[in-house]
Amino acid sequence: MQIIFATMSRLFFVLMIGVSLFMLFRGHNEPGGGFIGGLIAALGFALLAMARDVETARRALVVHPVALMGGGLLLSFVSGLPGLLSDRSFLTHWWMEIGSTHLGTATTFDIGVYCVVVGGVLCLVFRLYEGIEQ
Amino acid sequence: MAWIILIALAGAAIARPAAELLGKASGWVMSLVPLALFVMILQHAGDVADGGAVMSTISWVPSLGVDVTLRLDGFSMLFSLLITGIGTLVTIYAGAYFAEKPVADMGRFLALILLFMAAMLGTVLSDDLIVMFVFWELTSLTSFMLIGFDGHKPEARKAAIQSLLVTGGGGLVLFAGILLIGMTLGTFSFTEVLSRSGELVASPWAGVIAALIMIGAFTKSAQVPFHFWLPNAMAAPTPASAYLHSATMVKLGIFLLARFDAVFATMPAFGTTLVVVGSLTMTVAALKALRAEGYKAVLAHSTVASLGILVMLIGLDGEVAAVATVGFILAHALYKAALFFCAGTAIHATGETSLRKLGGLARFLPVTAVAAVLASLSMAGLPPFVGFISKEYLFEAQLTNGWNVVPIVVAVLVNAVMCGVAGVVSIKPFYFKSHRVDAVKHGETPGLLVGPLLLATGGVVIGLFPGGIGDLLIGPAASALHGSPIDVSFKLWHGLTPMLVLSALVVSIGVAIVVWWDAIHDRLRRHDRLFRLIGDGGYHFVVDGTLEIARASTRLLQNGDQRRYTAVVVAVVVAGLAIALFAGPAGFYIAAPDGSLRVSVTLVLALSAAGAVATVLARSLIAALVSVGIVGFAVAVIFMLNGAPDLALTQIAVETLLVILLTAVLLRLPARQRHSRTTGERRRDAALATAFGLVIFLAVASMSAIPIDMSLTEYFGQTSYLEGFGRNVVNVILVDYRAIDTLGEIAVVAFATIAAWALLRGSGARVRTKE
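Chains A and B, in that order, are what the protein sequence lines are. 9 is the number that this note's numbering gives to position 9 of the first sequence; each next residue is one higher, with no gaps. 1001 is the number that this note's numbering gives to position 1 of the second sequence; each next residue is one higher, with no gaps.
Simulated from the structure, these hints should not be mistaken for laboratory data. Keep in mind the model is a prediction, meaning the values are calculated, not measured. Beta carbons: idealized from backbone N, C-alpha and C, even for Gly. Treat the hints with caution; some may be incorrect.
Some chain A residues judged to face chain B by a derived CB distance under 10 Å, without partners named [unchecked claim]:
1) Leu-21
2) Phe-22
3) Met-23
4) Gly-27
5) Gly-34
6) Ala-42
7) Glu-55
8) Ala-60
9) Leu-73
10) His-93
11) Thr-107
12) Gly-112
13) Val-116
14) Phe-126
Distance windows between CB atoms, simulated [to be verified]:
15) A:Trp-94 - B:Ile-1696: 24 to 34 Å
16) A:Trp-95 - B:Ile-1696: 35 to 45 Å
17) B:Ser-1063 - A:Trp-94: 26 to 36 Å
18) A:Ala-6 - B:Gly-1576: 29 to 39 Å
19) B:Tyr-1715 - A:Phe-5: 30 to 40 Å
20) A:Trp-94 - B:Ala-1610: 18 to 28 Å
21) B:Asn-1642 - A:Trp-94: 33 to 43 Å
22) B:Ile-1740 - A:Trp-95: 40 to 50 Å
23) B:Ala-1758 - A:Ala-6: 27 to 37 Å
24) B:Ser-1600 - A:Leu-11: 45 to 55 Å
25) A:Trp-95 - B:Tyr-1715: 19 to 29 Å
26) B:Phe-1697 - A:Leu-11: 50 to 60 Å
27) A:Trp-94 - B:Tyr-1565: 38 to 48 Å
Sample of chain A residues at the chain B side, in silico, Cβ under 7 Å [stated by the list, open to error]:
28) Ala-46
29) Trp-95
30) Met-96
31) Ile-98
32) Asp-110
33) Leu-128
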C-alpha cells in the first residue's frame, strides 16, 4: 500500500498543481482564486511530503517556503503600485484586453496571495512532518 | 523656522561619525551647531521685541487638523536661547569631560545631547499641541537615554527607568488633557486656544483639563508628589545633569504651566493649586537639600526647590509675577548650569562625590573655584548678581499679591536654604581646610572652563547692566506670558523697599546655615523615617505593587496548561455572546423558517450531528479526528447547497489540510492513553462545550431570522464586471474592491506563520516518537 501510495502521489501531485493553477486563473470569473488555488497546491506538496518524504517535497517546491511567502507578499504589494501612477490611489488595478479576456494587475495580486498561502501552509507542514518521518 | 529643529536633528545624526573623525576636538566642533542655532534665533529678536510672534506652518496631518506650526514669541524665544546657548556650552564641556574616555562614548553622548536639544526646541517652539506633545515625549525618551548613559551601573538604569515612568506617564496624562481641549474647542492650535480661553474655561471639562495638564507639568518639573525622580537623575554624566537641571527638560513643566496660566487665568483653583504645590515642593526639597551628602545631590535638591518657587510664582497673578517668573528662569539657568559644571570638574578631578570628603580644591582648580563662587553668589541672591534682582521680584510678587503670610515665610526660609546651599557647594569643597584633597587625577582644561566661566560672569554682567537684557529678553517674555505688553524696569537697585528687608533676612539666615551646616546636616540625617516618607517610597509602592499584580495574574491565567487557556477563551466567548444576546436591544428570537423543509439539507445536517456525537464518544484521537472531519465536510456541503461554491471549496481545502496537519501532531502523541482529566474536570468541559454550542445556535438563529439587507449584494453584483472585469463577485471583492484588506490579511498570515515556524524550529529533532 505504501508503494502504491508513493507511486500514485507523483501523478496526483502533478494533477493537483494543475488544478490549483486552473483555480487560480479562473478565479476572477468562476469559483476559485488565489486563496483556494494556493490551498490546493499546498495540499499537493503535503501529499508528496506524506507519501515520500519532506526532502522530495522541498525539492519539488524549489524555493524555500518562507522565501515564497515573502515573494508573494512583495508581489501583491508591487501590483498595487501602478495604481499610484495612474490616479494616485494604491491598488487601483490596471487592465488590458486581449481578445475577450481581461488581464490586469489584479491577477498579479492574486498570484501573490497564492504564493503566500502555499508558502505559509508548507512552512508548517514541512516543519511538522520533518520530525516524524523515519 | 523649521530649519532650527532640522539643523539640530542633523547635528545629532552626524555627531557620532564626526566624533570618530575629530577625536578630542569634537566637542568644540560640534558646539558650532547649537551656536549657529543660537545666532539664528537671536536674529528674530527684533520681531518679537514688541510682543509680536513669528509663526511658520508646515502641513502635516491635514485630515486630523494637525499642522507643524511653529510659534516664536518672547517666552519661547527666552527658552530657545537658553536651550541653544547652554547647549553650546554643554557640548564644549562634554567634549572635555569625555576627552579620556573612548571616542565612541563621546560620539554617542554628543548625539544624544543634540537629539535632546532638538526635542526641547521642538517642544517650546511648536504651536500645535499634538506636535508639542510628540516633542515633549521625545524629551522624556532622550533624557531616559542620557540618565541611563552608563548602562553598566545599576543605579543609572534604575534612575533612568524611574524618570521615564514618571515623566512618560505624566506625558500621557497631559495627552489626555490635550485631547480634551481638542474635543472641547475643535482645535489643537495653542494660539487659538489662547484666544478662545473663555470658551474653554466655561466648558464642563475645564476642571478636568486643568488638572490633567497640571499633573503632566508636575511630573516633568518634579513637583510634589513626583519630586523624587529628579535627584536620582544625577546618575547621568555631569554635562547631561547640567543641561537637564538648568535649561531644559525639568523647566518644560514650568514652560507649560506658564503658557496655560494665561488660558486658565480666570480659574482661581488653578493659581491656588500651583501656589500650594509649589510651596510644598520648596519645603520638601529644601529639607532634603540640607540633608543630602553628594555634591550633585545637594544641587539637584536645590533645583527641585527652585522649580517649586517657579510653580508658586506662576500661581500668583499680575505683571510683577510674570517678570519674576521670567527673571528667575534666566537667573537659575545661568547659575545652576555653572554650578553643575564646577561640580562635574571637581568630581572628575578627584573621583569623590561626597561633599563631606572634598576640601581645599582651589589649589588645583583655581579658575573653577572662582566660577563656582561667582555662580553661587548669584544663587544666594546677593547684589550685584542677577539672582538678587530675580529674588527681589519674587518677594515683590508675593507682597503685592493678596496672599497670606505662609507662602512668604516659606519663600524666605527656602531662599535662605538656597543661600546656605550656595555657600556650602562653592566654599566648602574649594576653600575649607577640613578634608583637604592632596592630589587630583585630572586638572582643568579649557573645555572644562569655558562653560562655568561664561555663565558665572554672565550672572554679574547682567546684574550690573540689566537694562539691555531686560529690553531684549525679559520684557518680551514677560509680555508674552502676561498676554499684554509690560513695561519692565529690570534693574538692580529699587531703593529701600520691604523686599530689601526680606533679602537681608534671607542672607543672614543663609550665612547661619553655612556656619552650622554640619550640625544641621547631622541632625537631619538622624530623621530617617520622615525622609523615607517624603522620598520615593510611594513610587516603589506603586511599581512593586504593579509587578506583584502582574505576577499574580500570570500565575492565575498563564499557568502553561493548554486546556485551561482553551477553557478561558471559550468561557469568555460564551459569556460575551450571551450578554449581547440577552441584554442587547434586539434580544434573540427563533423564527420558524418559511418554506418547506429541504430534504437534502436536513440529511447533511443529520450527518454532521452524527459526526459531532461520534467525536465526543471516540476513544482514540485518530477516530475523533476523522469524526470532526465529517462535521467539517458536512458544513462544506451546506455551503454548496446554498450557492456559495467559493466558500465550499475553501472549506474542503482547509478541512483536508487540517487533517494533514493534525495527523502530524497526533503521530507524535501516544496512540492510546488513559484520560488524564478527573471526572469533575470533564464534567466542567462538557458543560462549557454545551453552553458554547447553545449560544452559537441562538446567535445564528437570531441572525438568520433578521431580514438581510441586500443593497451591498446588489451593488457588487451590478458593478463587479463593469469595474473589476470579473464575474466572480467574491474574488473581485478580494482582489479589487477590498484589496488592501486582503493585503493586510496575507501579511498577517505571513507573519503569524513565520512566528509559528520559528517556534517549531528544532522541535522535530527532539520529539521522535514511534519507538
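Going through the hints against the structure:
1. Look at Leu-21 of chain A: its Cβ only gets to about 15 Å from chain B, farther than 10 Å, so that hint breaks.
2. Using the Cβ-Cβ criterion of 10 Å, the hint placing Phe-22 of chain A at the interface with chain B is not satisfied: the shortest such distance is roughly 12 Å.
3. For Met-23 of chain A, the interface hint holds, since its Cβ comes within 10 Å of a Cβ in chain B; the closest pair sits about 8 Å apart.
4. Taken as an interface hint, Gly-27 of chain A checks out: its beta carbon lies about 5 Å from the nearest beta carbon of chain B, inside 10 Å.
5. Satisfaction of the interface hint for Gly-34 of chain A is found here, the shortest Cβ-Cβ separation to chain B being roughly 7 Å, below the 10 Å cut-off.
6. The closest approach between the C-beta of Ala-42 of chain A and any C-beta of chain B is roughly 7 Å, which is under the 10 Å cut-off, so the hint is satisfied.
7. Given the 10 Å rule on beta carbons, the hint for Glu-55 of chain A is violated: about 13 Å separates it from the nearest Cβ of chain B.
8. At its closest, the beta carbon of Ala-60 of chain A sits 16 Å from a beta carbon of chain B; the interface hint therefore is violated under the 10 Å criterion.
9. Against a cut-off of 10 Å between C-beta atoms, the interface hint on Leu-73 of chain A holds, since the closest Cβ of chain B lies about 5 Å away.
10. A distance limit of 10 Å between C-beta atoms decides the matter here; for His-93 of chain A the minimum to chain B is near 6 Å, and the interface restraint holds.
11. Residue-level restraint check for Thr-107 of chain A holds (minimum Cβ-Cβ distance to chain B is 8 Å; threshold 10 Å).
12. Here the hint on Gly-112 of chain A is kept, as its CB sits about 7 Å from the closest CB of chain B, short of 10 Å.
13. Contact between Val-116 of chain A and chain B, as hinted, is supported at the beta carbon level, the nearest pair being about 4 Å apart and thus within 10 Å.
14. Residue-level restraint check for Phe-126 of chain A holds (minimum Cβ-Cβ distance to chain B is 9 Å; threshold 10 Å).
15. Separated by about 43 Å at the C-beta atoms, Trp-94 of chain A and Ile-1696 of chain B break the suggested range of 24 to 34 Å.
16. Checked against the hint of 35 to 45 Å, the C-beta distance between Trp-95 of chain A and Ile-1696 of chain B comes to roughly 42 Å, which is consistent with it.
17. Distance hint check for Ser-1063 of chain B and Trp-94 of chain A: the Cβ-Cβ separation is about 27 Å, which falls inside the suggested range of 26 to 36 Å.
18. Between Ala-6 of chain A and Gly-1576 of chain B the beta carbon distance is about 49 Å. The supplied range of 29 to 39 Å is therefore violated.
19. For Tyr-1715 of chain B and Phe-5 of chain A, the hinted distance range of 30 to 40 Å is not satisfied, since their beta carbons lie about 49 Å from each other.
20. The hinted window of 18 to 28 Å between Trp-94 of chain A and Ala-1610 of chain B is violated, with their beta carbons roughly 51 Å apart.
21. A hinted range of 33 to 43 Å holds for the C-beta pair Asn-1642 of chain B and Trp-94 of chain A, which are about 35 Å apart.
22. Between Ile-1740 of chain B and Trp-95 of chain A the CB atoms are about 18 Å apart, so this pair departs from the stated range of 40 to 50 Å.
23. The given range of 27 to 37 Å is respected by Ala-1758 of chain B and Ala-6 of chain A, whose C-beta atoms sit roughly 31 Å from each other.
24. Our hint of 45 to 55 Å for Ser-1600 of chain B and Leu-11 of chain A is violated, since their Cβ atoms are close to 33 Å apart.
25. In this structure the hint that Trp-95 of chain A and Tyr-1715 of chain B lie 19 to 29 Å apart at CB holds, the actual value being about 20 Å.
26. For the pair Phe-1697 of chain B and Leu-11 of chain A, the supplied restraint of 50 to 60 Å is violated, since their beta-carbon distance comes to about 44 Å.
27. With their beta carbons about 47 Å apart, Trp-94 of chain A and Tyr-1565 of chain B fall inside the hinted range of 38 to 48 Å.
28. For Ala-46 of chain A, the interface hint holds, the least distance from its beta-carbon to any beta-carbon of chain B being 5 Å, beneath 7 Å.
29. For Trp-95 of chain A, the interface hint holds, the least distance from its beta-carbon to any beta-carbon of chain B being 6 Å, beneath 7 Å.
30. About 10 Å separates the beta-carbon of Met-96 of chain A from the nearest beta-carbon of chain B, more than 7 Å, and the hint is not met.
31. The beta carbon of Ile-98 of chain A comes no nearer than 12 Å to any beta carbon in chain B, farther than 7 Å, and the hint placing it at the interface is violated.
32. With a least beta-carbon distance of about 5 Å to chain B, the hint placing Asp-110 of chain A at the interface is held under the 7 Å criterion.
33. Restraint check, Leu-128 of chain A versus chain B: the minimum CB separation of about 4 Å is within 7 Å; hint holds.
The structure is inconsistent with the numbered hints 1, 2, 7, 8, 15, 18, 19, 20, 22, 24, 26, 30 and 31, although it conforms to all the rest.
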